[in-house]
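Residue numbers (the working numbering), protein chains in the order written: chain B, 1 to 379; chain H, 1 to 379.
No lab work stands behind these hints: they were computed from the structure.
A couple of the hints might just be wrong.
Since the list can't tell identical chains apart, any single copy or any two copies may satisfy a pair.
Here are the computed lysine to any residue pairs in the SDA-like style, where the Cα-Cα straight-line distance is at most 20 Å [stated by the list, open to error]:
hint, residue 1, residue 2
1, Lys306, Glu225
2, Lys306, Met224
3, Lys229, Ser210
There are 2 protein chains.
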Amino acid sequence: MDNFIANNPTSLHFGKGVIETIGKTVKPFGSKVLLVYGKGSVKKSGLYDRIIAQLNEAGATIFEFDGIQPNPLVGDVDKAATIGRENKVDYILAVGGGSVIDSAKIISITIPVEHTAWDFYEYKAKPLTAVPLVAVLTLAATGTEMNPFAVLQNPVTGRKDGYGSPLCFPVHSFLDPEVTYTVPADYTAYGIADLIAHCFENYFGKGDCSLSDRFITAIIADAMEWGPKLMNNLHGYDERAAIMYDATMALNLMTSHGKSGGDWGVHGMGHILSLLHGVAHGASLSILFPAWMKLLNERAGKQIAKLGTDLFGNPDVDATIAKFEEFFTQIGSPVHLSQVGIGEDKFEEIIRLMIRNKAEGSNYKLSEADYRKIMEFAK
Amino acid sequence: MDNFIANNPTSLHFGKGVIETIGKTVKPFGSKVLLVYGKGSVKKSGLYDRIIAQLNEAGATIFEFDGIQPNPLVGDVDKAATIGRENKVDYILAVGGGSVIDSAKIISITIPVEHTAWDFYEYKAKPLTAVPLVAVLTLAATGTEMNPFAVLQNPVTGRKDGYGSPLCFPVHSFLDPEVTYTVPADYTAYGIADLIAHCFENYFGKGDCSLSDRFITAIIADAMEWGPKLMNNLHGYDERAAIMYDATMALNLMTSHGKSGGDWGVHGMGHILSLLHGVAHGASLSILFPAWMKLLNERAGKQIAKLGTDLFGNPDVDATIAKFEEFFTQIGSPVHLSQVGIGEDKFEEIIRLMIRNKAEGSNYKLSEADYRKIMEFAK
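Assemble the whole structure, with the sequences as input and the hints as a guide.
In C-alpha cells, the structure reads:
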C-alpha cells in the first residue's frame, strides 16, 4: 500500500429538501455572492427561484454569471472571475452539473489573482487562496461536488484538461436527488457511465490497496444495480439518490487511497472525442472503456478477471467486457463510435490529437498503435 | 436513503515514516503542547523518543500527562485537562490507542471549560470549543483516529459510555503501520474483532443505504482476508497496513451515511463485560456478536443472510454465524464467556447492569429476556 494523506474538507448535504438549508449555510460567508450557472435549465426547473429565495433570506447581494457551456470554456471562467474580482464577492454559489461547478472552482482561485485561468492549467501559476465555493448539484456524474478537480476546454490551444488543487474543494455541496428528476434519459445514462468510468480509472491505476479496490467494486455493483432501475423510473427518489451518492463516492479521492492515482488514459481519449465531435463526456467513456479493456486484456487481464469474479462470479475477461457493454447498452449509453456518428474516415484526425494531447494514461501507457487498436475495437 | 451531512475534517497521514513529518505539521498550532500517553509502552518501543525529537524540532514546550488506562477513566481526563488549562497549551498530541486518543478528545473540550468532563457524558454541558488535537495511533482497532467519538469509564457512576461531538475529530492523525509491529498477538486479534464489530453495528443499524452496506461488506471482507495473514506475520508491513486502514474506515462515519446510525447494542453489552470483569473490548465483541446474531435470527435473518451471501456465497444464517465464530477463533479472539473466565454464576449481575445501563441497542432493542438468551448463547 502506498503512503497517502486522506483529507476531504467538503461538507456534503445530501437528501430531500436540503436546498432549503442553503440560506443559513451561506450566511456566515458574507453578503456578496457570485451566482454561477449554465444555460437556463435551472430557471425552467424552478430551482433558480428556490435558490434566489434562499439568498434573499441570507440577505445576499447577488452578482450573476450565466451561460457556462456543457464543455466549459476557460474564457467564461476569466469573464466570471472579473465580475467576482471587481465586485469583491465573499463567496461563489455554483448551481449546475460538472461543467458549472468545475468552472466555479477555477473562478474561485482566479478571482484573487491577476493572470488568466489557463495559467493554472499550464502550471505557470499556483493558486494561493480561493474564494469559498458552495455548490448545488443538478446532475449526478462527475463527482466534482466533493473533489478538488476541474476540467476545462481551451479552444485556442485545442486542449481539454483536468486541474486539481486542495483549494478547489467546495466548502459545502448540496445534493437533493429530487433536483435531478428533470435530467433527461440520455444524460442520466451518461452520468451513470461517467461514474462507472471513474471507478475503472482508479481500479486500473498504479499501486495496490485491496480495500480501495473493494470500495471501487462496491460502487460499480451499486451503480449496476440501481442504474437500470433508474432508467425505468426517472422520477424515483431511491433510484436518483443511489446513483447520485454513487457518483460522489466514485471520485472523491477515497478510491485512490493507498494507490498512486488512477490511469486516466480513457478519459484523455474521451476528451478528444468531445473536443472534435462534441460527444457527451459519459458517452465517450462507455464507447472507449470496453475497447480499452479489449486492448488491455494482455497487460491487465488479471485485474479485469478479478473484477469479473467479484461482480459477475466469472473470471473470463471477454465475458466481463461483454457484461459492461451489455450494461451500457441497457441504460442507453453508446458502446460504438458509429452510434455517435463517428466513421472510420475521422479516425486519423482523432488519433493525431490523442498523440498531441498525450491521452496515454499513467499506468498502462498507450502508444500510437494502441490508439489505433482501441479505435478499431470501438468502431 | 435517509438524509445525511457527510463531513470529516481529519487529515489522515498514512504510511511508512509519517511519524517524521509530525514536527512540521504541529508547528503552526503554537509552541505549548500537552503530550498524552499511556503506561509507558511508547517509551519501550522507542516511539516516545521519536515524538520528542519531532516536538523539539518544532520548538515545542512540552507538558506531559501519562498513565491513561486501557479502559480510560474520566478522572484522568479531568487531571490532564487541568494541566492543559493551567499551562495554556496550544494543542494536544495524543500517542496511543483508542483509550489515549479518546481521553485526549475529551481533554481537548474540557480544557476550555470549568466543569468536569463527565458533565458532557450526562449532557449537562455542551462543548463550545476545543484545543486542536493531533493523534499518533499505536493500535489498529477503534477508528478513533478519524471520528468524533470517545468512550470513557466512570467508576463513581459505574458506567462506560460513548460521547461524540464534531469538535472531537482529531485535526491530524498519524498512522504508521510499522508502529503497530509491537502490538502483541492477543491485542492484534482484539483490534480485528473490534473493527469487524463496528462494521456489524452499522450494518444492523436503522435505515437503508445499499452503498453503505456494500462498503461495510467490503471492509469485513478485507479484514477477513488480511486478519489471518497478519496473525501469521505480526511484522508484515502489508498486513499491518491493511488492518490499520480497515479499522479507520470501519468507524469514520462513512458506513452510516444514508442510514440512521448503528445499532450499538452489542457494544453496550460488551462495555458491561469490561466494566465488571475487565474483558478486553474487542474480546467482548467477538464473544457477544455471534450470540447476538443467533438471537436476532428471527428479527434480522434477512440481513444476516445477505451478509452470508455477499461474504461467503451462502445465505444460510447458521452457516454465516458459524463462519464468523470460526474466523474469530482462527485469529485468537474468544467466542465464549468461559474463555475469559466468566461462568454462569456471574450472569445475573451482568444482566442487572445491562438493564441498568440500557445496553439495549437502538434498532433491534433488546429486552431482559434477550440479554438472558444472548448470555446463554455466549456461555
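Okay, the hints, checked on the actual structure:
Within a single copy, Lys306 and Glu225 get their C-alpha atoms as close as 19 Å, and across copies as close as 15 Å, so both meet the 20 Å cut-off. Taking CA atoms no more than 20 Å apart as the test, Lys306 paired with Met224 passes in both settings, with 17 Å inside one copy and 18 Å between copies. Proximity of Lys229 and Ser210 under a CA criterion of 20 Å is satisfied inter-copy only: 14 Å between copies versus 29 Å inside one chain copy.
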